[in-house]
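A.B. asks: Protein chains in written order, with the working numbering: chain Y, 700 to 1066; chain W, 25 to 324; chain U, 55 to 368.
Mixed in with the good hints there might be a few duds.
Stated by the list, open to error - Per label pair, the in silico range of CB-to-CB distance:
| hint | chain 1 | residue 1 | chain 2 | residue 2 | range |
| --- | --- | --- | --- | --- | --- |
| 1 | U | G102 | W | S278 | 22 to 30 Å |
| 2 | Y | Y712 | W | A178 | 47 to 55 Å |
| 3 | W | A178 | U | L331 | 13 to 21 Å |
| 4 | Y | E815 | W | A209 | 35 to 43 Å |
| 5 | W | R51 | Y | G1043 | 52 to 60 Å |
| 6 | Y | V716 | W | G149 | 19 to 27 Å |
Derived by calculation from the structure, the hints in this document are not laboratory data. Cβ coordinates follow ideal geometry from the N, Cα and C atoms, glycine included.
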Amino acid sequence: MAQVKLNRIVKEYEGGVQAVKGIDLDIADHEFVVLVGPSGCGKSTTLRMIAGLEEISKGEILIGGNVVNDIPPRDRDIAMVFQNYALYPHMSVYDNMAFGLMLRKFPKEEIRRRVENAARILDIGMLLDRKPKALSGGQRQRVAMGRAIVRDPKVFLFDEPLSNLDAKLRVQMRTEIKKVHQTVKTTTVYVTHDQVEAMTLADRVVVMNHGVIEQVGPPTELYHKPATKFVAGFIGSPAMNFIPAKLANGGAALNIVLPGGISLPVPEARAKRYAGHAGKEVLFGIRPEHLTEVRPNDHRPNLAHLKLTPEVVEPMGMETLAHIWLEGAEVVARIDPSVPAEPGRALPLAADMGQMHLIDPQTDRVI
Amino acid sequence: MSATAATPSAAIPGLGRRIGSLRKERRWALITAYISLIVAAIVMLAPPLYMLLTSLKTSAEISNPVGTPWIVRNPTLDNYWALISDPMFRGFFFNSIKVTVCVVVLTMVISVFAAFSLARMKFFGSQVLATGVFLTYLVPDTLLFIPLYQIVGALGLLNSTWGLVLVYPTLTVPFCTWIMIGYFASIPKELDEAALIDGANWMQMLTKIFIPVALPGIIAATIFAFTVSWAAFVYPTAFITRPDEMPLTIGVVSQLIRGDTFAWGQLMAGALLAALPPVIVYAFLMDYYIAGLTAGATKG
Amino acid sequence: MALDATTVTAAGPAAAPAQPRLSLQRIARRRSTIAFLMALPLIAVIAGLVAWPAGYAIYLSTLNRRMTEFIGLGNFQILLDSETFQMVIWQSCIFAISAVVLKALLGFWLAHMLHHIPTKGQRIWRGLLLLPWVVPPALSTLGWWWMFDPSYSSLNWLLNAIGAPSVPWLGEPWWARASVIIVNVWAGTPFFMIMYLAALKSVPDQLYEAAAIDGATGWQGLRFVTLPMMRNIISITVLFSLIVTFANYDIVRVLTNGGPRDLTHVFASYAFQVGVLSGNIPRGAAVSLFMFPLLAVVAFFILRGVNQRNREMA
Chain Y
700 MAQVKLNRIV KEYEGGVQAV KGIDLDIADH EFVVLVGPSG CGKSTTLRMI
750 AGLEEISKGE ILIGGNVVND IPPRDRDIAM VFQNYALYPH MSVYDNMAFG
800 LMLRKFPKEE IRRRVENAAR ILDIGMLLDR KPKALSGGQR QRVAMGRAIV
850 RDPKVFLFDE PLSNLDAKLR VQMRTEIKKV HQTVKTTTVY VTHDQVEAMT
900 LADRVVVMNH GVIEQVGPPT ELYHKPATKF VAGFIGSPAM NFIPAKLANG
950 GAALNIVLPG GISLPVPEAR AKRYAGHAGK EVLFGIRPEH LTEVRPNDHR
1000 PNLAHLKLTP EVVEPMGMET LAHIWLEGAE VVARIDPSVP AEPGRALPLA
1050 ADMGQMHLID PQTDRVI
Chain W
25 MSATAATPSA AIPGLGRRIG SLRKERRWAL ITAYISLIVA AIVMLAPPLY
75 MLLTSLKTSA EISNPVGTPW IVRNPTLDNY WALISDPMFR GFFFNSIKVT
125 VCVVVLTMVI SVFAAFSLAR MKFFGSQVLA TGVFLTYLVP DTLLFIPLYQ
175 IVGALGLLNS TWGLVLVYPT LTVPFCTWIM IGYFASIPKE LDEAALIDGA
225 NWMQMLTKIF IPVALPGIIA ATIFAFTVSW AAFVYPTAFI TRPDEMPLTI
275 GVVSQLIRGD TFAWGQLMAG ALLAALPPVI VYAFLMDYYI AGLTAGATKG
Chain U
55 MALDATTVTA AGPAAAPAQP RLSLQRIARR RSTIAFLMAL PLIAVIAGLV
105 AWPAGYAIYL STLNRRMTEF IGLGNFQILL DSETFQMVIW QSCIFAISAV
155 VLKALLGFWL AHMLHHIPTK GQRIWRGLLL LPWVVPPALS TLGWWWMFDP
205 SYSSLNWLLN AIGAPSVPWL GEPWWARASV IIVNVWAGTP FFMIMYLAAL
255 KSVPDQLYEA AAIDGATGWQ GLRFVTLPMM RNIISITVLF SLIVTFANYD
305 IVRVLTNGGP RDLTHVFASY AFQVGVLSGN IPRGAAVSLF MFPLLAVVAF
355 FILRGVNQRN REMA
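Using the sequences and the accompanying hints, generate a full structural model.
C.D. replies: Below you can see the structure in the form of structure tokens.
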């Protein structure tokens, strides 16, 4: 068991292209950290540097307090689960899991004990004699995890392990991974581009973009208090609405003036925070789930009412998404399926201004 | 949609005619295909068949043909027995086996290591070398046999099967390396990385992962090396003039032709016996054989 | 770890600025050393048995018959002036071009027919039709030689049976040339067939379905879907075959050995005749070097095609 520490890590490719631009990260023992971001954000490169599969251009990586920059992957005491599982196609499930231990010259009985133990945790005991070809996607995923578990390493590394699975299986394996982590408690670094995976699995989420860390924090904190426009838009589905607006100083209180002249009051509690931006152009951010139909007896404080005309209505079953265009800005509202909504007909909506965000368009930071 | 729904009675007979002509068209295509294939098969198989027929005839039957030469009237295995009991012919066979086994082993060792290195490890100039492999594959043996004749002669290996073992790799190594590069390159990179993390060194990665995973490619390359060295003709014709060092191809062509017409049966029997090993390999491993053949171009 | 011993031999290759502090870099350097060592036997084969002999051939071709004197391009001069050699050039070109064209057309036709029959039966037909390619050519040519035999020709018997006159297969120059081409086409067509069949199989059925729905007839499907999709394989196969056919030796050696009256020699058999049998090594080397320009041109086109394809796919 070990902590992992990244000190000003830089990955620079030939020609000076920087994939990772000096990131710092402290991962505690037993912690489950998820690196999330769009493709090309540097998350996989970071993971591969921790694994020792990529050279570190600058900075230091410490595993369990030791600098591992110079240590080859096999001596780092890590285990990795790959996106395409990377099972050895010519070996049985048992041999796949035993291979790492065999190379390390573990005694036979010890190997058997460990493999059987891992097989029990993952419920793949009956597959041990099969070849990977004869396994389903979910079973392959389990074997790949088993290969990591038997090694009992200091750190587990997961590189988008669920992206080759279909949607249903992905949800199932997500729970499985969480369960395994709760059982073995090994420090885990997990890379994904799927923010739902990140939210559901992580103790802490690291949002990366263009080779830098945008924000680190527990899932709920990222959801409620995003630090940047990128995080605000990346976390949550459907994504947060961003509407160009003006913060108007309407006498006693601040108002947000949307395109089309709609004016929404800023809650008093936020007035002080936003005071410095009064009179300036801002981005008004509100999540679809905070832009709903008008409900009777809705006692949420800071509700603002407005009437908008959807152009596309998507019934999803448990909810309906209404797409509204406000002078070029697309706005999505999440309304109850029982509310009659049709394209072209004005719809009364309630905005929960207590959940709003303002973004400075100059810096893209949340104010 | 609405148009067809409005006039169903008009649409259906027309449709019926179309289906009928489609079926007819398909049947004609199939008949043409089978006729072409049957004709092709007759043409392709006639020469080996005629060799077989001749090899089963007595010299008397060959020299005094009555009626069609395409049937055997008094089949006999005498020609085969005569060859099998002939120490010179057995010597050809032994020489062919010796040369082929040595060349196949040599080729596979050289090309598997080289292909692994070129496909995965990369070093200064490895790109140039990969192109070089491809180019040498294009150089035919008939361009090289004269300088090689001088070189082999200078090494004192003319009239020796070892001289052949030395030069045959020019025929086999480039192509085998080339297809092995293709097979190795198709192994996903994550597999090496998984092995690296599992603690394998380069040698273990090659022997425990790459060779077993690319086994079909290795079999295909081995078959290629085998058939090429077994069938090689230019080099032994140029370098070997002593019958006791000759491999089968040149042995049969040069030693069994005795100028008189009566040896035809034995000559055909010898040619067939000599052709047997590649044909057997082909019969049992056709899919690998074909994979190897096509890999060169499709992977190129 | 015995790192140091091997890093020394790394010499230039890794070319990374020496930073002994970073042992991952050292591992990378060691890795390229191992890679180089693994490729060394291959380099030895290419350099020692292909590149060096090729260069040596050029040197040889500039010497006089006893290899005592440098005579520059003298051998080439003499060859080009000799009527026999002019004949060899023509004969080689006629042989290679007509054989390759025939092989390409017949192979394409057969591949198509094979592709059309139900998949179940394809294997056995493919197996039968590939047989001529499997038998070592020198040996199967012996069979043809026997079938062409002037007094016992079984082919002439078949011709006579249908009322046609006998053919002097190997006795008359034009028939001898045709015979060489027939045998080469017989042995080489299966290769084209297999290559084309592999290419045909790689064209997704959906493309044909899309074309059919767009209103394409069978021929249009062939013209606008099959041929463009197979263009690469066709050109590569044709170019490969052009080299091999141009440099062919076995068939001419067994069938005609250059006769009658040296009229059927190709480069390879003539080089053998001059260089090995008549003992004029330099002139033999010069003869085989005449194949080189063609090789270079063909190799250029193949490589360009391969590169282009790789770029398009990347």
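A.B. asks: Would you say the C-beta atoms of Y712 (chain Y) and A178 (chain W) sit inside 47 to 55 Å of each other?
C.D. replies: 50 Å Cβ-Cβ, so the 47 to 55 Å window holds.
A.B. asks: Given the hint of 35 to 43 Å, is the C-beta distance from E815 (chain Y) to A209 (chain W) inside that range or not?
C.D. replies: At roughly 37 Å between Cβ atoms, A209 (chain W) and E815 (chain Y) fall inside 35 to 43 Å, so the hint holds.
A.B. asks: Could you say whether the range 52 to 60 Å given as a hint is met by the Cβ separation of R51 (chain W) and G1043 (chain Y)?
C.D. replies: 57 Å, holds
A.B. asks: V716 (chain Y) and G149 (chain W), beta-carbon distance inside 19 to 27 Å?
C.D. replies: 24 Å, holds
A.B. asks: Could you say whether the range 22 to 30 Å given as a hint is met by the Cβ separation of G102 (chain U) and S278 (chain W)?
C.D. replies: 29 Å, holds
A.B. asks: Could you see if the CB distance from A178 (chain W) to L331 (chain U) stays within 13 to 21 Å?
C.D. replies: 20 Å, holds
Comparing the model with each numbered hint stated earlier shows that all of them hold.
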